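Start from chain A and add chains B, C and D according to the hints.
Protein chains in written order, with this note's numbering: chain A, 9 to 407; chain B, 9 to 407; chain C, 9 to 407; chain D, 9 to 407.
Treat the hints loosely; a few may be bogus.
Just so you have them, the derived chain B footprint on chain A, three or more residues with Cβ under 8 Å [as the list claims (entries may be wrong)]:
1. 263 to 269
2. 279 to 288
If you want the ones that stay clear, here's a sample from chain A, every Cβ over 12 Å from chain D, calculated [said to hold, decoys possible]:
3. ARG243
4. GLY324
5. VAL376
6. GLU400
Hints in this document: simulated from the structure, not taken from any laboratory. These numbers were taken from a predicted model, which means no experiment stands behind them. Ideal Cβ positions, reconstructed from N, Cα and C, are used throughout, including at glycine.
There are 4 protein chains.
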Amino acid sequence: MTLPEYDFSLKNGLRVPPLGRRLRLGQVGGGQGAIVGNWHRNGARLSNHWDLCAGAMSRNADIAARSAWDTVIPLDRSYNDFRAMAEAEASREDGIEAVCICTPNISHFEIAKTFMQAGIDVILDKPITTTIADAQDLVQLAKDRNVVFAVTYPYAFHAMIRQAQSLIAQGALGPIRQVMVEYVQDWGTTSEAEENASVAWRRDPNIVGRTSATGDIGTHAYHLMKTMTGLSAQRLRADFHQCGGTKALEDTAFIKMDLSNGAPAQIWVTQAAPGNACGLRIRVFGEHGGLSWDQEYPEQLIYSPLDAPQQIFSRGQGAGLSPAAERLAHLPRGHGEALTDAWGNLYSEIGMVIAARRAGVTLPKGLVQVPFGEDGLDGVKFMEACADSAQEDAKWVHL
Amino acid sequence: MTLPEYDFSLKNGLRVPPLGRRLRLGQVGGGQGAIVGNWHRNGARLSNHWDLCAGAMSRNADIAARSAWDTVIPLDRSYNDFRAMAEAEASREDGIEAVCICTPNISHFEIAKTFMQAGIDVILDKPITTTIADAQDLVQLAKDRNVVFAVTYPYAFHAMIRQAQSLIAQGALGPIRQVMVEYVQDWGTTSEAEENASVAWRRDPNIVGRTSATGDIGTHAYHLMKTMTGLSAQRLRADFHQCGGTKALEDTAFIKMDLSNGAPAQIWVTQAAPGNACGLRIRVFGEHGGLSWDQEYPEQLIYSPLDAPQQIFSRGQGAGLSPAAERLAHLPRGHGEALTDAWGNLYSEIGMVIAARRAGVTLPKGLVQVPFGEDGLDGVKFMEACADSAQEDAKWVHL
Amino acid sequence: MTLPEYDFSLKNGLRVPPLGRRLRLGQVGGGQGAIVGNWHRNGARLSNHWDLCAGAMSRNADIAARSAWDTVIPLDRSYNDFRAMAEAEASREDGIEAVCICTPNISHFEIAKTFMQAGIDVILDKPITTTIADAQDLVQLAKDRNVVFAVTYPYAFHAMIRQAQSLIAQGALGPIRQVMVEYVQDWGTTSEAEENASVAWRRDPNIVGRTSATGDIGTHAYHLMKTMTGLSAQRLRADFHQCGGTKALEDTAFIKMDLSNGAPAQIWVTQAAPGNACGLRIRVFGEHGGLSWDQEYPEQLIYSPLDAPQQIFSRGQGAGLSPAAERLAHLPRGHGEALTDAWGNLYSEIGMVIAARRAGVTLPKGLVQVPFGEDGLDGVKFMEACADSAQEDAKWVHL
Amino acid sequence: MTLPEYDFSLKNGLRVPPLGRRLRLGQVGGGQGAIVGNWHRNGARLSNHWDLCAGAMSRNADIAARSAWDTVIPLDRSYNDFRAMAEAEASREDGIEAVCICTPNISHFEIAKTFMQAGIDVILDKPITTTIADAQDLVQLAKDRNVVFAVTYPYAFHAMIRQAQSLIAQGALGPIRQVMVEYVQDWGTTSEAEENASVAWRRDPNIVGRTSATGDIGTHAYHLMKTMTGLSAQRLRADFHQCGGTKALEDTAFIKMDLSNGAPAQIWVTQAAPGNACGLRIRVFGEHGGLSWDQEYPEQLIYSPLDAPQQIFSRGQGAGLSPAAERLAHLPRGHGEALTDAWGNLYSEIGMVIAARRAGVTLPKGLVQVPFGEDGLDGVKFMEACADSAQEDAKWVHL
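Bound-form chain A, shown alone (with noise of 0.2 Å):
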């Protein structure tokens, strides 16, 4: 019996790995302790599109070998040394063909360098260095050694992202006039919380950069504005402030833009407001209607058509969603979906890009919306115009 191609341009079958196989992946950073590393991990299993065989999950060998053990593993492929795994993975047939790194910041640079020179394709959590220039040079780099580059921004793979999309591409809300975005936690009010190994490096300059609360989940407002609204900032004046305990760095900022199209803009970050988990929210106002997001309550969008009742969409068969916001949908309407399904999309997406290079397939445009290389430099860039903006009272800078 012979089985029919992948069609890769399937409007279903996210989960399904284009090659008939799962790739391989290897996991650097992420081990006991960390939490980021888990929801790669959680993303790259729901998926269908990966199997996790090698790691580098911790510096000290017997955290790594136990983290490979949890994580399944064999123990042969646990590294604690990026750059050995780098090179015992290229060298073997059956090594991994992506690695997602997911270690603090200042790292990032030189391991996603790493894999990129070893021909292994690269996952990279946000911000995806601590400077323009190392962002550009990966960028450059990866095009060079011809390796995807993929940046995990999750929140931009919610269905009712795509909705929102395909809303404002078909001019439900006219022009766009004003943006709020708001990215509010309360992890940060005490300095207690920060003795956690786990947080402390958020707040460490010689770690993060220049920024704190702003690289860590401004860079992902920013991301989640641009996707949705096909906006981004031409200029900005950043305030930063500690309104938690005391720290080395921000921990709120209000950062006010002036958006591609002229409309204003306003992104609020803060680890330090006590009530608030992960409160990101999104609203986006248009001459003719309204829109509203947020990622607590990710499986509803309100869309406010001027002079006429407010509409939610959900998810699900039925519900007037566009075939790009259905494609991201796995189970039917009001079985929840969050999170850890936005991370199975992104899996998916970066798996079917990488499927399709190596299948020699051209994907049909705007079927999948990875963020690359260029994406993660945006939020960079962003990031330190903001700290460039704070630092001078808040001045307008340019992007």
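What follows is chains B, C and D alone, placed relative to chain A:
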């Protein structure tokens, strides 16, 4: 039979007029076609402290008379000139004891001055004038003439705002570290809305001065923040925008402040955000907890102690409310009170202040919280500081 | 100057008394310590159709007098006997034109009868009597004496209920296939609450008859369902329970009905559901869509067309409301109206009915929707059918 | 280097497979076009406890093969007959250790029996059979053959359900006095939906037995109530209705119960309530408080202590959760987990049970809460009691 005297220290009895009779109220403005005048009348009626006896509800004699008929004012006490009204009423034995003024901003000063000079207590809508100098003059005149000069900020008269005050005063939040206020509407999204006469004047610099949305709704937002937190702005920077149809003045303002305790705060006001009707929302964050309140759901105050479950306060016995909050609650919990009731509370408390003065009684400190002329002056200063800042690219302006 | 006559067909002007004067109202019950009497007075005041002129607010002369003082009723028109009041008021030139009766249920019949016989219009709280026979007698007597006999079901006077009626009448739901109503409270969870005098009578069979929660709040739920859907119960089965402290009568009832069109429906009432204050919620499901409304959030009506996004209707211009719904809206959208406003609407519409009769005018069909004696009788029949069914293990009882 | 042995008493580590390897899973049913099979696979993958190695995903060999390709099952382990699969897999060294069965109800019995007899652990979807006798036979057979017999009730695997259990067990509610459960959907509103093959079988008495909605979603509701409260039904009465298009079986049931402690409870299930996608909601009321949970917002558990503000529990450190609830939480608070994560938890806990048996370890009592065959049998008894009652006009039926 002798009835006991009214006890001004009463915790309840907000709708019992202290003098055993209702006070005599006149109204300037608020005739047929107007919006705000209805709210004043609703509040006055509901409070049970007032009888509406006279009015100059329009400069057009016909409209004035019809409006008087609608509101059951005797036609011989319907005036089409506020000066005539002040003179006539001041000379009647049964003349009005207070006047509520709800005309467009530019006329506030002359009308209020005229009634103050006639010795009649004044209840004035906000912003009280279009210039700081005029506002200062009115405050001084009220003192000189020894009249009550109350300003109508109704949102501060929801029970949950008193509860928020109590919680903050008790230290439930710890030191306040940041505040976010927004007052977002959508009636100004198109230019057509502005063709409505009851709306058009709000964009006319000859009537409202240098600001539109900022004076109209920004002053409410600023007063609410002051009332709830006890903090005011030291300095601010403001950006003005037109995010809806073409207008002479701003429909949107982003206002960044340093508060009196050094904490950052922000007020965002817009009348061009489709999907928002009367979105006055305030979030206060301290070292130990946060508070959140939304005018469209005024019965819930969300309190988020750090590291414990969120709590929802609502009106009503047994719900852990402070006496000051209970005092403003009239119906059992869940039997909704909303803006009409807040206006009723405002007019009750003004009635108590005036009755106490007439009775020669000193009200227990803190029992009533009527906004007086100084609060109105603060609003004008805020509005003018915003205009000064916006004029020079959001420079810092001290208040 | 001659003013134009009042136009009874006016779409708006709900708070304009048609006769150019307010009607004279008396109140029986509702003195100090009572709850419901306040709502009647609030509604009457807010409506602008009524002046409260006389009262028999308590059988205790002292309390009656104090209550009169509180509510600014002249002491010579404060009675401590309703018969004396009816006689005296009927013989005064300026005697009351209507009386609102808000005493405990058992006394409704005698009081209403007395005022009807005196030719005074009657506004009676629900349930109108404790037996079907009494209710029928009152309905007949009102006809015989040609007096208005209005019953106070305020929840039907929210703008969104009229909107729901309009949507259903237009076929937005298609044929109605099932209805779920709940009215859930928690004040009866403990026995202590019952020690409060204003509450205790609600559990006393000598005062309320055979049902407690069912007559108290079940009648509201049933009336709301009838109003919104146009359907009534053909037959029902009811289970009564005590889910809170020990009581003489039920605090909880599960009522299953077959509606007049054959569809199943259910009413669940309880006063022993901690966390619920006044949870009157109705959900109506048809072949093409559903509607959902919650008294605690009365400004939103959720309409769910099958296979299209949900829509949220709210009050206000441009929001797609029917004229009948707009008619009950007084403030702009988002400027919250709640139960106080609904009572105001109820008293306005009663005022219009009475004024129209006095003016010899026939009101346009469907313009006002006052619940009359027959609606009150329906409530008593519903309550009695529940009692009959519960007594025999939830057997079917026809209405 | 030697790794420490897995500690089965671990509070966390839910996604760490105890044996240092994943278990081998097979699937019967769930091929292309099916719905529920995806959820099983998602849960298995996300859990990190399972590798899907074999399948009989359709009786049609082509669909079976394509489905295997989609899910990366080797084609030589794709079967189109479950008996062949059981035989072949049982005889392989690397044969599957457990099978998940997600075929239409009527086939559950034979398939489960076949795998049990082959000594393979069984994970069976609900309702486990179409008759009580069959269910009892399976329970007995699992004992006789000493295989694990797990039943997939995923809703009980949300962290907030464990939190609810903890609160109830600690007495936060006091004695439970009434319970209200609803599971409301709308996909059965029209007959057209039923034309979809993946749906049509749910209404076919030859496939599902005597009930449709009751067996399909009522069993979920009943299991959730049992899990959360520890109470079951003593007796019940049920009304069946068709509130959507014409069907052979009920799409709606109203089920009234007397619980094991004497308290009344109700389950309302319908698949014909437009606007409801997966509205599984439970409210539990005791003498001292209430709890409320909604599957569509699974991250919030609302706790209403009597006479104190409501509290909202959510996942995450510092939020006052019990260890049993924390154990099911994988992402920081606010980083949404939903149904996919609950399925992951279910498959993790089943994995732990099976691994512990293979390792000869006795799990700490209460650590895992897998629904076993007896829970599945309870569901069938509930479903059959409903059918018995509905057949005789909602007579009482004892369980």
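Evaluated hints:
no. : hint       : in the structure
1   : 263 to 269 : violated (count 1)
2   : 279 to 288 : holds (count 5)
3   : ARG243     : holds, 31 Å
4   : GLY324     : violated, 6 Å
5   : VAL376     : holds, 18 Å
6   : GLU400     : holds, 33 Å
Hints 1 and 4 from the list above are not met by this structure, while the remaining hints are.
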